[in-house]
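Undergrad: Letter by letter, the chains look like this.
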Amino acid sequence: MQSVSAMASSEKTPMHLEVAELIVDVLNLEDVAPDDIDLDAPLFNEGLGLDSIDALELSLEISQRYGFQIKSDDPDIDKVFGSLRQLAETIESRRSQ
Amino acid sequence: MTSPALVIGADGKPLGRDAMLGRARWLLDSLGLGDEKPALLPFCSRFGDFLAAVAAARHAGLRLVLPNDAGFAAVNTVIAETGDVIVLASAGDDTSGLMGMCAVHIVADAPAGTAPLTWGEAASAGISLFTSGTTGVPVRHTHPFAMLDAGAEKWAAMIGAPGQAKTLVSTVPPQHMYGLESSIMLPLSTPDFAVYDLRPFFVANVAEALNTVPGQRVLVSTPMHLDLLVREDVVLPPVHTVVSATTALDAELAQAVESKFRTRVVEVFGTTETGLIGTREPAREEVFTPRDDLKISFEDRRMHVTSGWRTAVLTIDDTIDPSGDGFRHIGRGDDLINVAGKRASLAGLTRALKQVDGVRDGMFVMPEGDPAGRGPVRPVAFAVAPDMNADQVRRALRKSIAPAFVPRRIVMLEEMPKTGVGKPHVAALMELLEDRGVTFSIPAGHPSLAGHFPGNPIVPGAVVLDHALRAAGMPGAAALKSVKFTGVLRAKEDCIVETSESDHAVEITCRAGTRQVMRATLRRITS
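Protein chains in written order, with the numbering used here: chain U, 79 to 175; chain B, 73 to 599.
Among the hints, a few may not be true.
[Said to hold, decoys possible] Distance condition first, Cα-Cα at most 27 Å in a straight line; then the derived BS3-like pairs of lysine-lysine:
{"hint": "1", "chain 1": "B", "residue 1": "LYS332", "chain 2": "U", "residue 2": "LYS149"}
{"hint": "2", "chain 1": "U", "residue 1": "LYS90", "chain 2": "B", "residue 2": "LYS556"}
{"hint": "3", "chain 1": "B", "residue 1": "LYS471", "chain 2": "U", "residue 2": "LYS157"}
{"hint": "4", "chain 1": "B", "residue 1": "LYS426", "chain 2": "B", "residue 2": "LYS490"}
{"hint": "5", "chain 1": "B", "residue 1": "LYS471", "chain 2": "B", "residue 2": "LYS426"}
{"hint": "6", "chain 1": "B", "residue 1": "LYS553", "chain 2": "U", "residue 2": "LYS90"}
{"hint": "7", "chain 1": "U", "residue 1": "LYS149", "chain 2": "B", "residue 2": "LYS85"}
{"hint": "8", "chain 1": "B", "residue 1": "LYS495", "chain 2": "B", "residue 2": "LYS426"}
{"hint": "9", "chain 1": "B", "residue 1": "LYS367", "chain 2": "B", "residue 2": "LYS226"}
[Claimed, not checked] Stretches of chain B that chain U covers, calculated by requiring three or more beta carbons in the stretch to come under 8 Å of a beta carbon on chain U:
{"hint": "10", "segment": "239–252"}
{"hint": "11", "segment": "296–309"}
{"hint": "12", "segment": "470–477"}
{"hint": "13", "segment": "556–564"}
[Claimed, not checked] Between beta-carbon pairs, the in silico distance windows are:
{"hint": "14", "chain 1": "U", "residue 1": "GLY145", "chain 2": "B", "residue 2": "LYS109", "range": "51 to 57 Å"}
{"hint": "15", "chain 1": "B", "residue 1": "GLY106", "chain 2": "U", "residue 2": "GLY145", "range": "55 to 61 Å"}
{"hint": "16", "chain 1": "U", "residue 1": "GLU89", "chain 2": "B", "residue 2": "LEU105", "range": "57 to 63 Å"}
Source of the hints: derived by calculation from the structure; they are not laboratory data.
Beta carbons are placed, not taken as given, at the ideal position from N, Cα and C, and that holds for glycine.
Construct the entire structure; sequences and hints are all you get.
TA: Below, the structure is given as C-alpha cells:
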C-alpha cells in the first residue's frame, strides 16, 4: 500500500511556500531560496541540516504566527519537523489563527 | 519513612534521596563488575539516572567520563579514547548511533527495599570532562569529587534560602561543567535541592516543568532559552532564582526576565577546568564577584586563576579586566567561538574542514553579529575544493563537527588569499563576506508602487529585474534566459545584487537581507 504522502504531488502549494519562506526568513538561511527546499527531504540533520537551535526559533515563530505551541512530548513531534510537507500539514491542522 | 526529595518525576511525584541512592546501588549490582573497574559514561537523558550513575561511580571507585557534546560523534570519540567503558542510558533513549561493540546498560528503577548506598568518602578518581581542543582532539579534564563538592557549596550559597526545599528545572545538559555543577552535584552534595527528571526543551516544556515542580523553583538555563521565554507569550509561576551561563547575559534581557517572571537572575562565569569562578546579577551589575576560595590575577587583559585543586595556573582565553575586587568580562578570545552557548575552537573547526576529502585548503571565521538579526550568528567557512560544491563540503562537515557549527554559508574559492608569510589573509576573507555586490532600493513614492498593497508596498518583479540588470551593469549586453521571483521586496528595503559569471551565462541573484528576492540567468550576447 502506498502512503498518502508518497502519492502526493511534488508541486508546492501556497501554504508550502509560506512555511518555506518562514524557515528561510527565521533561520537566516544563507544560500537557500524558499523554492529550493525539497518538500519531502528531512529538515533536520541530513537534508536541510537544521539543528536544535533552529527548532527552538521555529517553535517561537510558529507559536506567534499560528497560535499553537510545540512540545517535545507531542505524540507527533517526529512528524512536526520531519519535512516541509509535514510541517505545513501540522500547521494547517493545529493552527488557531 | 521518607527521605527528602532528590528528584521530582515527570508527573510531579518526589523521589527521595534513599530511593535514588537505592537506584545507584541497584545499578552497581546489575553491572556485576566484581574486581573490574570500567569507566562509566552516563548518556542518560533523565537527570535521575545521571545522578544515580554519579553516585554509583563515586561509591565504587569508578571513573566517569562526560563527552563535551551529546551527539554520537563526540560520544564515540570519547568511548574509543577511554577504552574500557560502559555507556549508561535511560529507558527509551536512542543509542542507535553508538559505535558497535560498546557495552550499553539501561539504568532501571531498583526493586522495593534495595538499600541505598552511602554518599560519603569518594572512592572514585573523579569525573573527566572534555573540551573541544584546538587540534580537533577533545582535551580531558579530570576533577576529584572533593573539588566538585566544594563547588556545590558555592552554588548553594549563591542561590540562598537555606533550609527551604528547592527544585531545579534545567534546560542545560548535565555533561558540561555548568550542568554537572548545577543539576547533579548541587542536589547530591548539598541539602535542600531536588532536580526535575526531564530536561525541558521547547518553551511550552519549560513552562510545564516549572508548573509541575513543588517548593521554591530554580531555573537553570542559558541566554538563548531566556530570550525565547521573554519573547514567547508564556505564563510562569513565580521562580525563586534564574541562573544563566554559557554566554554573557545582557542587562536588558536580565531585567526583562526579572520583571516578567518575578525573579532574581544570577549569571555564573566558569570554565570546564575550574567550575564556577564568579557570579553577578546582570540586571544591576557589570562586575563579577569572584568565588572566595580561588585566587585571581590579571595580566594583559587575561585572567589567571589559581585553585587549590589544580597544580597549574589557568589562563582564561577571554578578554577580562580587573574591576575593584572583581572582574569585568569584555569579550571572548580570538579562537573560541560561541553559538547559542555551545563553544568551539575556530582552529579545531578549520582543522576538521581541511580533513574533508577533496578540500585542499580552508578556514573558518566568525562574522560580526547582525544586531537586528534573529537567532545566533553562525561561523562561515572558506574552502578551496575544485571538485566539490558548497553543499558537498557542508555534508561532509556534518559528519565531523557538531551541528551548531556547521556553516550555513561556505564560500568556495579558487585559492586562499595569503599574507606575505603564507598565513591566511583574514582581513581579505572578511572583505569577501562584506563585498556582496551592489545594492539598490526603491523609494516608497516610486510610480510603480501606486495601487500595490497600500501601506506596505511590494515592488513589482519587472521593476526588480530592471534595477538588478542596471545595478549589475548588464542592460542590453545579454539576453534573459530565465527569471524567478522567489520572495518579496518592499519599498525602501536595500536589495543586494550579486552576479556570478560562467563562459556563456551570467547568473544574477537579488536579496533583501537574507531573503532571496530574484534569481535570473542571462545568456551573453556574443558578436
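Undergrad: Compare the structure with the hints numbered earlier in the document and write down the numbers of the violated ones, lowest to highest.
TA: 10
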